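Peer 1: Below are the chains, spelled out letter by letter.
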Amino acid sequence: MTKYIGKSMSRVDGVAKVTGKAKYAAEYSAPDLAYGYVVCSTIAKGKITRINTDEVLQIPGVIQLFTHENRPRLACFDLNYKDQDAPPGSPFRPLRDEKVVYNGQPIALVVAETFEIARYAASLVKVEYEQEDHDTALEHNLHRGRGPKSGVASLLKSPPPKPRGDFEKAFQAAPFKTTGQHIHSVEHHNPIEMFASTVVYEKNGKLTIYDKTQGAPNSQMYVAQVFNLPFKDVRVISPYVGGAFGSGLRPQYQLFLAVLAALELKRSVRVSLTRQQMFTFGHRPATVQNLSLGATADGTLDAIRHDAIAETSRFEDYFEIVVNWSGMLYPAENTKSTYDLVPLDVFTPLDMRAPGGVTGVPALEMEIDELAHKIGMDPIEFRLKNYTEKDMDQDLPFSSKELRECFRQGAERFGWSGRKPEPRSMRRGHTLIGWGMATGIWEASQGPARAEAVLTVNGKLRVTSATADIGTGTYTIMTQIAADTLGMPIEDVIFRLGDSDMPLAPIEGGSWTAATVGTAVKVACEDLGKKLFKMAQKMKNSPFADVKQDDITFADAHIRLKSDPSVAVSLLDIVGTNGGRAVSETSTSLPSMLEQRKYARAAHSAVFVEVEVDEDFGTVRVTRAVTAVAGGRILNPKTARSQIVGGMVWGISKALEEESVMDHQFGRFMNHNLSEYHVAVHADIRELDVIFVEENDTIVNPLGVKGLGEIGIVGMPAAVANAIFHATGKRVRSLPITLDKLL
Amino acid sequence: MNRFSYSRPGNVDTAVGELTRHEGAKFIAGGTNLLDLMKENVERPNHLIDINHLALKTIEDTEDGGLRLGALATNADTAYNDKVESRYPLLSQAILAGASAQLRNMATNGGNLFQRTRCYYFYDTGTPCNKREPGSGCGAFNGFNRIHAILGTSDENPETRCIATHPSDMAVALAALEAIIRVTGPNGERTVPIADFHRLPGNEPWLDTTIQPGELVTAIDLPAKGFPDYYAYIKLRDRQSYAFALVSVAVGLEIENNQITDARIALGGVAHKPWRKPEAEAMLVGKTVTEADFQSVAETILSGAKGYGHNTFKIELAKRAIVRALQRAAKTETES
Ligand SMILES: Cc1cc2nc3c(=O)[nH]c(=O)nc-3n(C[C@H](O)[C@H](O)[C@H](O)COP(=O)(O)OP(=O)(O)OC[C@H]3O[C@@H](n4cnc5c(N)ncnc54)[C@H](O)[C@@H]3O)c2cc1C
Ligand code: SF4
Chain A
1 MTKYIGKSMS RVDGVAKVTG KAKYAAEYSA PDLAYGYVVC STIAKGKITR
51 INTDEVLQIP GVIQLFTHEN RPRLACFDLN YKDQDAPPGS PFRPLRDEKV
101 VYNGQPIALV VAETFEIARY AASLVKVEYE QEDHDTALEH NLHRGRGPKS
151 GVASLLKSPP PKPRGDFEKA FQAAPFKTTG QHIHSVEHHN PIEMFASTVV
201 YEKNGKLTIY DKTQGAPNSQ MYVAQVFNLP FKDVRVISPY VGGAFGSGLR
251 PQYQLFLAVL AALELKRSVR VSLTRQQMFT FGHRPATVQN LSLGATADGT
301 LDAIRHDAIA ETSRFEDYFE IVVNWSGMLY PAENTKSTYD LVPLDVFTPL
351 DMRAPGGVTG VPALEMEIDE LAHKIGMDPI EFRLKNYTEK DMDQDLPFSS
401 KELRECFRQG AERFGWSGRK PEPRSMRRGH TLIGWGMATG IWEASQGPAR
451 AEAVLTVNGK LRVTSATADI GTGTYTIMTQ IAADTLGMPI EDVIFRLGDS
501 DMPLAPIEGG SWTAATVGTA VKVACEDLGK KLFKMAQKMK NSPFADVKQD
551 DITFADAHIR LKSDPSVAVS LLDIVGTNGG RAVSETSTSL PSMLEQRKYA
601 RAAHSAVFVE VEVDEDFGTV RVTRAVTAVA GGRILNPKTA RSQIVGGMVW
651 GISKALEEES VMDHQFGRFM NHNLSEYHVA VHADIRELDV IFVEENDTIV
701 NPLGVKGLGE IGIVGMPAAV ANAIFHATGK RVRSLPITLD KLL
Chain B
1 MNRFSYSRPG NVDTAVGELT RHEGAKFIAG GTNLLDLMKE NVERPNHLID
51 INHLALKTIE DTEDGGLRLG ALATNADTAY NDKVESRYPL LSQAILAGAS
101 AQLRNMATNG GNLFQRTRCY YFYDTGTPCN KREPGSGCGA FNGFNRIHAI
151 LGTSDENPET RCIATHPSDM AVALAALEAI IRVTGPNGER TVPIADFHRL
201 PGNEPWLDTT IQPGELVTAI DLPAKGFPDY YAYIKLRDRQ SYAFALVSVA
251 VGLEIENNQI TDARIALGGV AHKPWRKPEA EAMLVGKTVT EADFQSVAET
301 ILSGAKGYGH NTFKIELAKR AIVRALQRAA KTETES
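Protein chains in written order, with UniProt numbering: chain A, 1 to 743; chain B, 1 to 336.
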């Protein structure tokens with residue numbers, strides 16, 4: 001019964017958010033709260049030789065200055081510092097010793113009675129260094145590329161696929177070919193909420209931590225292991241997150257510093273970062289990719305080579321799936337791909353919305369566009385001719401793939417048939433108009449999770465799971481799933497998340513929360529339903545005494561006989577038989593690996609974009625865009641559309657504006673504020689249209705959902721770049737495409 | 001941010017007096033620039049004199065047919081003022097091309113003139129900058145200088161080098177309009193033509209303007225000639241709104257019987273002050289709209305321009321912007 005699933009519904013947490021009732025990590029208070037302000041290094045590599053601690057401690061209101069010199073002894077094994085998203089290597093430990101390993105590294109924490117005093121005192125901290133030469137430029141170090149080390153994280157991120165056929169031979173023989181180098185800049189997540197942790201030091205010495213995170217249990221585990229505390233003494237709460245985009249997948253350094261200060265001072269402490277400091281930890285890595293494609297005379301894509309080199313830190317091997325996408329999109333017989341890392345004096349990169357996908361797919365899709373152009377084929381026709389029904393590298397069929405339908409519906413909505421194929425053929429005065437399209441893809445995955453469902457004594461359904469809602473709509477869709485599973489009116493369902501005391505859920509990333517936690521919620525509600533049914537059967541004069549579970553249904557807060565819905569028992573009456581106690585059930589859901597392993601599972605999209613380019617100035621406007629998505633079952637078209645539109649906006653930003661620029665003289669990011677780190681503003685965004693193509697999938701997970709958090713961004717940058725090519729005849733392969741690249 | 005004391009004088013003389021008495025004090029108007037710089041520890045005033053209660057908010061006609069803009073009138077109130085819109089649409093357009101609606105509601109005309117460069121290094125105390133820390137060096141010179149100047153820079157002596165730009169849009173229009181800035185200081189009132197208000201970095205890049213410590217801008221006088229019929233403001237930037245100019249051009253023309261009788265061209269985003277080149281403007285006067293050679297005018301304005309790597313594209317971009325702005329002002333632009 002689906003009364004709510006599949007319906008457009010406003011966010012259940014919307015009112016709390018717009019009225020300010022929703023509290024974020026830095027908004028919690030505690031009696032006697034002290035405030036920490038972080039001091040960051042201004043060199044990229046070297047040693048700290050002196051810090052003027054005594055002077056700083058004399059400032060009235062300053063409580064303590066924590067540095068590597070006076071920090072307490074902490075866990076000494078790397079393993080203790082590994083969080084759920086830690087790549088192979090040795091995680092960064094704030095205040096570990098005098099070494100500076102990147103520019104912006106947190107090297108001291110001033111704690112004071114007020115935030116203002118802490119900030120002022122931090123401005124007076126003077127640090128002397130012994131500087132060493134640093135190396136931060138990927139372009140100058142490509143020769144140092146080497147394969148990533150493997151570790152636990154590599155179980156989730158597959159290495160480059162094995163070669164197929166003979167690329168060199170096929171490429172050489174190909175009558176049509178293209179080769180290009182693609183350069184992607186560093187990006188920082190920059191959610192609007194800055195990272196913050198409010199650590200409440202309870203009377204019994206336990207910690208209650210309000211943290212900005214994409215997984216409260218992840219922060220709990222980190223704190224417990226690093227500070228050698230029992231898990232039960234550390235509770236992490238994070239009900240609302242003001243955006244994260246992956247930055248909350250790892251505990252950030254303010255959490256470490258706030259906990260350290262609270263434990264040392266035996267006092268509650270809050271540490272929040274500034275916007276500038278939001279540029280001092282993980283980021284989307286700079287990546288250089290070389291692609292070569294070859295096609296036969298009839299337009300069969302025959303050869304693909306995709307090599308990528310990305311930056312990482314000196315201490316961890318962060319890596320992404322960049323070169324593995326072509327095997328899921330095109331049936332070329334001859335392929336070869338490599339993925340290498342260059343360790344530099346920077347902080348470890350970090351997953352950021354569609355990590356790897358929005359790097360590798362746009363490069364591939366720009367070359368596909370180029371090849372189609374060279375052959376003289378329409379880009380959609382070329383993609384249809386080279387459509388694959390299976391994942392070539394894994395040799396598995398797709399659990400479902402309605403990409404053809406995305407092409408068809410997207411093209412129709414956009415009016416693609418009116419396109420003149422020649423570049424520069426559509427213009428108005430100095431304005432060149434271009435139409436471009438591209439494909440997007442993102443893997444659909446599911447993990448294990450737990451959830452608890454409780455029917456309260458007054459007949460409300462309360463469901464909990466320690467997942468996060470980073471603004472994606474998790475609260476809302478989980479409420480819908482719970483309501484439908486137990487046939488409850490939605491007003492009587494409360495879903496809660498973001499608390500390490502709740503049943504365990506994995507970090508919220510990779511577009512898998514709807515599938516992972518959604519399934520857990522469904523199972524918990526089903527299990528609770530079974531329990532309630534059994535209780536109903538035992539009630540006096542129960543109409544269900546001889547009825548099987550299969551013969552009943554849950555509707556309008558009642559258990560009803562399918563064959564005669566008037567035969568019913570209300571859930572409120574059932575819970576009433578429980579001696580004044582609520583009825584609860586906690587369940588675990590596991591993906592059915594055996595079945596899933598037989599298929600490749602992915603969401604797809606087709607993106608269509610119109611741009612206007614000023615011929616003289618190189619300024620680009622995206623005047624309209626259509627994305628057609630095949631993303632399995634759509635639980636809530638309204639929140640789903642928001643996800644896709646958000647991805648499209650970011651895709652436009654990434655294609656045209658977004659870039660963290662490092663000055664390699666200092667190894668420091670220079671445009672570290674939202675005035676100079678450009679993301680799309682309202683004026684940049686015109687018409688955006690989203691189509692959800694119907695796609696039934698019984699394999700991906702019991703809900704049939706594929707996750708929509710990332711698919712919206714993946715196809716966008718290439719569609720914009722391809723439209724710019726169509727408008728101008730210029731193929732710009734380095735993102736963002738700022739106006740100087742088109743002059 | 002350091003600690004500071006605060007006062008709120010009620011009249012100009014008290015304000016000027018307070019500033020003269022307090023070494024290290026600063027006026028604060030809308031605060032949209034000063035507060036940001038204080039948070040970054042770039043500006044460290046020990047005393048703030050809030051001038052928002054001074055009676056300098058009006059916009060009124062002057063005797064010689066011009067318009068007087070109060071120093072504390074907001075950018076929004078100025079841009080949407082009927083008289084400004086009808087008589088000085090160039091100014092209105094330039095202001096509205098800047099910042100965002102929220103910022104323009106706070107920003108004042110006086111504060112806009114004094115806003116400091118957006119050079120990344122100037123803002124980041126973790127890097128060298130001669131403007132912020134005299135003698136420390138110029139981070140931008142060999143660094144990331146995409147938004148930096150191509151004209152009138154000071155690039156020889158490492159200790160006084162500066163290639164920063166003045167970021168204001170409003171000031172570019174004021175330069176084209178030849179506005180007069182009214183200033184009150186410890187020695188009374190004086191007027192400063194906009195062309196002399198901002199300065200080039202020279203050997204003292206830490207000085208942005210020729211205004212002396214203790215002087216308060218009270219008003220901006222616009223001369224009668226406002227170029228309401230033939231004008232254009234073109235701003236080229238990295239996104240459609242809420243970004244500073246990479247290059248901007250303000251053009252005002254007077255055209256009688258198809259003949260250009262007066263021409264003003266001012267550039268923003270290219271120098272430490274709004275940039276004008278009188279001989280280029282002279283090349284237009286006396287020409288008919290069709291015979292005027294906009295391209296040579298652009299070449300003349302950019303003669304001597306120099307790029308520093310990331311910003312070299314600005315030279316060509318500025319030329320194209322000048323040509324387009326002249327076409328738009330002269331109404332000869334092809335449809336777009
Ligand atoms: C994100 C962002 C984007 C922006 N984009 C643009 C843009 O695209 N184009 C643009 O032109 N501007 C832009 N601005 C800058 C904005 O226009 C200025 O910050 C604003 O005009 C400053 O005015 P204010 O009144 O707030 O000045 P304040 O911040 O109050 O003061 C600035 C300085 O002027 C001094 N001062 C103020 N008034 C007087 C006076 N009457 N006499 C003497 N000294 C005085 C102060 O002491 C201070 O040093 C942007 C600003 C921000 C923050
Ligand atoms: S250009 Fe000027 S403001 Fe920028 S770093 Fe150099 S000296 Fe400082």
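Where hints are given, some of them may not hold.
As the list claims (entries may be wrong) - Subject to a maximum C-alpha distance of 27 Å in a straight line, what follows is the list of computed DSSO-like cross-link-like pairs (lysine-lysine): (1) A:K126 to B:K39; (2) A:K638 to A:K21; (3) B:K306 to A:K741; (4) A:K17 to A:K3; (5) A:K390 to A:K460; (6) A:K23 to B:K39.
No wet-lab data here; the hints were simulated from the structure.
Note that the structure is predicted; figures quoted are calculated from it, not measured.
Peer 1: Please flag the earlier hints that this structure goes against, numbers listed from lowest up.
Peer 2: 5
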